[in-house]
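Place chain B on chain A using the hints.
Sequence order for the protein chains is A and B.
Each residue of the first sequence is one higher than the one before, counting from 298 in the working numbering.
Each residue of the second sequence is one higher than the one before, counting from 236 in the working numbering.
Be a bit skeptical, because a hint or two may be false.
Here are the simulated DSS-like cross-link-like pairs (lysine-lysine), alpha carbons at most 30 Å apart as the crow flies [stated by the list, open to error]:
#: 1; chain 1: B; residue 1: K247; chain 2: A; residue 2: K403
#: 2; chain 1: B; residue 1: K333; chain 2: A; residue 2: K538
#: 3; chain 1: B; residue 1: K293; chain 2: A; residue 2: K538
#: 4; chain 1: A; residue 1: K438; chain 2: B; residue 2: K333
#: 5; chain 1: A; residue 1: K599; chain 2: A; residue 2: K555
#: 6; chain 1: A; residue 1: K538; chain 2: B; residue 2: K248
#: 7; chain 1: B; residue 1: K296; chain 2: B; residue 2: K357
Interface residues of chain A toward chain B, partial, derived using beta-carbon atoms under 7 Å [what the hints assert, rightly or not]:
#: 8; residue: G332
#: 9; residue: V337
#: 10; residue: L453
#: 11; residue: N456
#: 12; residue: A535
#: 13; residue: A539
What the hints contain is simulated information worked out from the structure, not anything from laboratory work.
Everything numeric in this text was worked out from a predicted model, so none of it was measured.
Don't be surprised by glycine CBs; every beta carbon is placed ideally from N, CA and C.
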Amino acid sequence: MILPRFDVLVPNSVDEAFAMLSRYAEKGIRILAGGTDLLVDLRRPIIPAAIPSCEGCARHKSGSIRSTVDCGWWESDSSRESDRALLTKVQDSIHKYPEYIISLHKLKELRGIAVNEKVNLRVGAMTTITDIERSGIIREKWTALAEGADSLGSPLVRNRGTIGGNIANARPAADTFIPSVALGGVLDIHSEKGSRKVPVDSFASAPGETVMEKGEMITGIEYPAPPEFSGSAYYKLANRKALEICNVGVAVWIALEKPGGPVTDIRVALGAVGPTPILAESVKEVLVGKKPEDANIKKAAKAAREDATPIDDHRGSAWYRSMMVELVTDRMIRLAVERVGGKV
Amino acid sequence: MVREDLGLTGSKKGCGIGDCGACTMLVNGVATFSCMMLAIQADGCVVETVESLAENGKLNKLQQSFVDLGAIQCGYCTPGMLMTATELLRRNPHPSEKEIRLALSGNLCRCTGYQKIVDAIKAVAGE
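Next comes chain A alone, as it looks inside the complex:
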């Protein structure tokens, strides 16, 4: 559990950070924000997906050694030359640590919660999850985000973890990512060359993979001002109440014409039921223009279930997750409608 060798860069300004990111882009550089993911991943003994087992060779009896990495049978057997290539590949992935870590802890300008004149919310990338959890304005107007922050990890994780890191890691169950999709968040991504804005719902492309390019960094995330008669809610369905990764996470943002009136817009984000957090588009088709009544909400929840693509894993089966998507979506739509001031 010892950290591998790397050099740490500590920029004093964001411009210096962008310069460092592009200068070392080819050498392998990772951004250190709160460290609650990165420092874990760096310590974890990285086990390649496929280490071939030694099937028995001149030196070892079958099964007597755990992998060809320790065996080296090609040295005595030239027909095993292809294994050497395999070994090189395996060792590469073992040693594929970044050479540089860039720590953003001095960049105070990346931390903070602000509401601008258009009443849009801007959260700096280095804002901790605890800061979000304790922000009164976020709880009042962007409720789902506050509820995502509440349910992430444990208080100690929240004290260090940042929203930028949580989103950049692009895990399908990330507790601030899912509400950010529902709330229509837009990421500010900067590099030495310039900046661009990427909606959170099109940011992740696969688990841990994003549209970010080398040299780029998230500096903040902006959420549109909630219109009158809108509300949101997030629920994390998990086996424990703390230090847990969700089985199913659902965030709902809904806008109504008036309390109890027809739905003008709805965004439902589903977590842990696909390779990335999913924006359930078909819910919109089912519910917009209709009243938030029992039968309509049931139909909308079914539509969300159709949009989910869960898999079986140790946290739950695809069958269970699929049912829970429907149930939790149903409850979260009702809760969001109640928060607008209507009754279902």
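Frame of chain A; chain B shown alone:
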């Protein structure tokens, strides 16, 4: 660094991956997993470890309460529990039981002696 270079062995190393809370310290007053922090990130910060709690060589109220109420079994989680509780009590001198349990939800005790720990914090908070 804290344990080996500074010789402050009060803080324990547990999981090393930000789950157990045994290594909790206060960094600028915020309860922090020290295993999730590089020493360079603490540059210029005030770091408090469990060694800072005793006053004039005597256990402070919270520590004494842990001893009096038997909130220690093997003791491995205790330094982390004390630091998390210290932060909670500074922020909120009279927390409810729910708030205490919530604050401790990132500190694991594998002896599972949570009830006594909550009691010990409540005893100090009730004063």
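Okay, the hints, checked on the actual structure:
Restraint check for B/K247 and A/K403: the C-alpha separation of about 27 Å stays at or below 30 Å, so the hint holds. At roughly 13 Å between alpha-carbon atoms, B/K333 and A/K538 fall within 30 Å of each other, so this suggested pair holds. A C-alpha spacing of about 37 Å is found between B/K293 and A/K538, which places the hinted pair above 30 Å, so the restraint is violated. Taking the CA atoms of A/K438 and B/K333, the gap is near 25 Å; set against the 30 Å cutoff, the hint holds.
A distance of roughly 25 Å separates the Cα atoms of A/K599 and A/K555; the hinted pair therefore holds under the 30 Å criterion. Restraint check: the Cα-Cα separation between A/K538 and B/K248 comes to about 24 Å, which is no more than 30 Å; the hinted pair holds. At roughly 12 Å between alpha-carbon atoms, B/K296 and B/K357 fall within 30 Å of each other, so this suggested pair holds. With its C-beta approaching chain B no nearer than about 5 Å, A/G332 sits inside the 7 Å limit, and its interface hint holds.
A hinted interface residue such as A/V337 counts as satisfied when its beta carbon comes closer than 7 Å to some beta carbon of chain B; here the least separation is about 4 Å, so the hint holds. Because the smallest distance between the Cβ of A/L453 and any Cβ of chain B comes to about 4 Å, under 7 Å, the interface hint for this residue holds. Contact between A/N456 and chain B, as hinted, is supported at the beta carbon level, the nearest pair being about 5 Å apart and thus within 7 Å. Residue-level restraint check for A/A535 is violated (minimum Cβ-Cβ distance to chain B is 13 Å; threshold 7 Å).
Interface hint at A/A539: satisfied, since its Cβ lies 4 Å from the closest Cβ of chain B, which is below the 7 Å cut-off.
The structure is inconsistent with the numbered hints 3, 12, although it conforms to all the rest.
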